[in-house]
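This is what each chain is made of:
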Amino acid sequence: MKDSRAYIFSAVLHLLVVVLFFVNLPFMRSMSLTPPPIVPIEIVTIDQLTQSPLKKQRQLPKAARTKKIVHTRTRKEQIPTPALKQEVKNVTKNVIEKVALKPIKAKKKPVKTEQKQESDLKPKENNQEINEEKNKKEKNDDFTSVLRAVQELRKEQPDEGQEKAFKSDHISDKLTISELDALRQQIQKCWNIPAGARNLEDMIVEIDVIMNEDSTVEEARIKNKALMLSDSFFRTVAESARRAMYAPDCTPLKLPTGKYEEWKNFTITFNPKEIL
Amino acid sequence: MKQLLILLCLICFDGKADLNLKVNQGHAKPLPIAIIEFEGKTAEEKKIARQMTQIIKNDLKSTGLFDIISKSSFVQQSVDFDMTPRFSDWRLIKANALVNGRIKMMEDNKISTGFRLWDVYSSQAMTHSAFKTDKKYWRRTAHLVADAIYKRITGEQGYFDTRIVYVSETGSQLKRKRRLAIMDQDSANHKFLTNGENTVITPRFSPTMQTITYMTYENKIPKVFTLDLETGIQKLVGQFPGLTYAPRFSPDGKSVILSQAFEGSSSLYLMNLETKRVRRLTKGRFIDTSPCYSPDGSKITFNSDRSGRKQLYIMDADGQRIKRISFGSGIYATPVWSPRGDLIAFNKMEGGKFYIGVMKADGSDERLISSGYMVEGPTWAPNGRTIMFWRQGKSFDDGRQEKAELVVIDITGRNERVLKTPKEASDPAWSPPLPLTLK
Numbered sequence: 001m002k003d004s005r006a007y008i009f010s011a012v013l014h015l016l017v018v019v020l021f022f023v024n025l026p027f028m029r030s031m032s033l034t035p036p037p038i039v040p041i042e043i044v045t046i047d048q049l050t051q052s053p054l055k056k057q058r059q060l061p062k063a064a065r066t067k068k069i070v071h072t073r074t075r076k077e078q079i080p081t082p083a084l085k086q087e088v089k090n091v092t093k094n095v096i097e098k099v100a101l102k103p104i105k106a107k108k109k110p111v112k113t114e115q116k117q118e119s120d121l122k123p124k125e126n127n128q129e130i131n132e133e134k135n136k137k138e139k140n141d142d143f144t145s146v147l148r149a150v151q152e153l154r155k156e157q158p159d160e161g162q163e164k165a166f167k168s169d170h171i172s173d174k175l176t177i178s179e180l181d182a183l184r185q186q187i188q189k190c191w192n193i194p195a196g197a198r199n200l201e202d203m204i205v206e207i208d209v210i211m212n213e214d215s216t217v218e219e220a221r222i223k224n225k226a227l228m229l230s231d232s233f234f235r236t237v238a239e240s241a242r243r244a245m246y247a248p249d250c251t252p253l254k255l256p257t258g259k260y261e262e263w264k265n266f267t268i269t270f271n272p273k274e275i276l
Numbered sequence: 001m002k003q004l005l006i007l008l009c010l011i012c013f014d015g016k017a018d019l020n021l022k023v024n025q026g027h028a029k030p031l032p033i034a035i036i037e038f039e040g041k042t043a044e045e046k047k048i049a050r051q052m053t054q055i056i057k058n059d060l061k062s063t064g065l066f067d068i069i070s071k072s073s074f075v076q077q078s079v080d081f082d083m084t085p086r087f088s089d090w091r092l093i094k095a096n097a098l099v100n101g102r103i104k105m106m107e108d109n110k111i112s113t114g115f116r117l118w119d120v121y122s123s124q125a126m127t128h129s130a131f132k133t134d135k136k137y138w139r140r141t142a143h144l145v146a147d148a149i150y151k152r153i154t155g156e157q158g159y160f161d162t163r164i165v166y167v168s169e170t171g172s173q174l175k176r177k178r179r180l181a182i183m184d185q186d187s188a189n190h191k192f193l194t195n196g197e198n199t200v201i202t203p204r205f206s207p208t209m210q211t212i213t214y215m216t217y218e219n220k221i222p223k224v225f226t227l228d229l230e231t232g233i234q235k236l237v238g239q240f241p242g243l244t245y246a247p248r249f250s251p252d253g254k255s256v257i258l259s260q261a262f263e264g265s266s267s268l269y270l271m272n273l274e275t276k277r278v279r280r281l282t283k284g285r286f287i288d289t290s291p292c293y294s295p296d297g298s299k300i301t302f303n304s305d306r307s308g309r310k311q312l313y314i315m316d317a318d319g320q321r322i323k324r325i326s327f328g329s330g331i332y333a334t335p336v337w338s339p340r341g342d343l344i345a346f347n348k349m350e351g352g353k354f355y356i357g358v359m360k361a362d363g364s365d366e367r368l369i370s371s372g373y374m375v376e377g378p379t380w381a382p383n384g385r386t387i388m389f390w391r392q393g394k395s396f397d398d399g400r401q402e403k404a405e406l407v408v409i410d411i412t413g414r415n416e417r418v419l420k421t422p423k424e425a426s427d428p429a430w431s432p433p434l435p436l437t438l439k
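Residue numbers (the numbering used here), protein chains in the order written: chain D, 1 to 276; chain B, 1 to 439.
For the record, the hints were derived by calculation from the structure and aren't laboratory data.
Taking lysine to any residue and the SDA-like style, the derived pairs with C-alpha atoms no more than 25 Å apart in a straight line are:
#1 B/94 <-> D/211
#2 D/225 <-> B/122
#3 B/22 <-> D/178
#4 B/29 <-> D/185
#5 D/189 <-> B/27
#6 D/254 <-> B/89
#7 B/22 <-> D/267
#8 D/189 <-> B/24
Fair warning: this is a prediction, and the values are worked out from it, not measured in the lab.
Using the sequences and the accompanying hints, generate a full structural model.
Written out as structure tokens, the structure reads:
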């Protein structure tokens, strides 16, 4: 009897082991070594980051660019839908009021309305009150004229969308940080500073540069002509700076070819103070 | 109305700013300059032209500020004196500046020297000049041309047409013979001024004329003399009860300031060379010595032990408002005010080593520009850009000592070079620019 129980017990245990083998209890599972998801890091140069949207647009094929422009125009033409128009107007109005008319809008207009309402309800007590009211009215009229003038001016200004477009257009032509750094580094290598010159730390030279389209300097003009004539030490530093602009190692200058409009004229300030 | 105007201004303001690049780094390398051999038609003209060109090159090169481009790299081998150079050819070899000139023999053994300096990169003439001199002064003329080039490019007065007076030393340390000697700043035209009978020390140039003051031990008694270099006339500067030393001229050249030791202390005195009137400037039981005027004559710098250790001081020319300017560790001595007034050169001893340094006149920005076993006696070039001093190496047990020599260095601490002298040399003094009438 005892033996049969033992056999049964043993059989149950074996069965349990087999079941467990198939069931795969969590603690018996081997820990899966799934690596964490890979986060891709794209290495880009700073100019790519600082490139404005328009530049990216320009990099698109010509057909794509044209398409986008057409699309923008279509959107403008679509505006006269009554509800949309109203919405746009309100939004535009609010933005402009916040920016330009904040001090006038918030206080004066509601006060005027309330006063009018009050005056309608209460009888006028005396002439003095009437005069005061008149004066206030005149003041309010001044503000109204100011508001009108500003609104007229606003009409002459491009709308928000146009303004944004202009801004982005403007930013897009700007030289990027890395382009400016490359230019600066190139010129630094060409600037032979007259070491040991008197008051060198006070000599700040500004040069107006006129560039040719091939990135060579057409003319480098020292701005402070009067100081050039009166101070021989300044002239020395200024001439060293001008020579840098014509130096063979700075001809041509490292400038992006597509942004000639941005760098065809520029001012360069040479300041030896930080070198000393 | 006011608000409306402000609004209008804001609206009308064009926010577009032009591109403005700031450059605040560069390098300080010698300026590449091409010097074409001066033109000459006759054999004599050509010979003088060649020698003058070489002197101009040497002068400019010695400053450390110019890199003379070798003739072998020239694309355009010669430039007609009356023509504009082909700038593109000179740009190719990276010449920043170009010099050409012409020598012409005239009547009465005179020569005419003309030169032109060009800015190659901006294709412009920078300066030109002509000198007419006696043929024998061709060397001075070359220095004058180098001065003109240096001045136009650096903005500083040139110092090539100057002289050095110094103490020439011969013999062993025990039997040392010290003679006064003079030479051009490039070691040419050397000559001795005294015969070495009496030991001579601390020669100093007058800032206005070719006169020197120095101290000599006549019959073992130290005395201060002046010597006119043109006439050779020697004069004793006053009779003082004690020992007088460290003489130096006032900026107008009419007085001499010196130190007089008496009863254990040294004070500063000023003596008018015309009236012989003596005025005491400092008082007290201190050792005040090495006085030197500021170039405008309003202040005097000197060294004194009044704070317990030798330090540098400045005071007003009348001896009032004494102010200490050196506060570093070590001992400071022989302050010399720069001719351009911005710096004071000095001698410093610290940790068994000697230094030559410069500091601003208020004591700030102290910089040590040279060091050695013994470096002493700084003297300024007339333009305040270069300092000369003398250096001596170690002495040995058998009495031998390393050679004493004159050393020239730029105030930036660059371009240290030894000046050639026939014998050992110490105690140099740099002359002011020579007058054009000087023979």
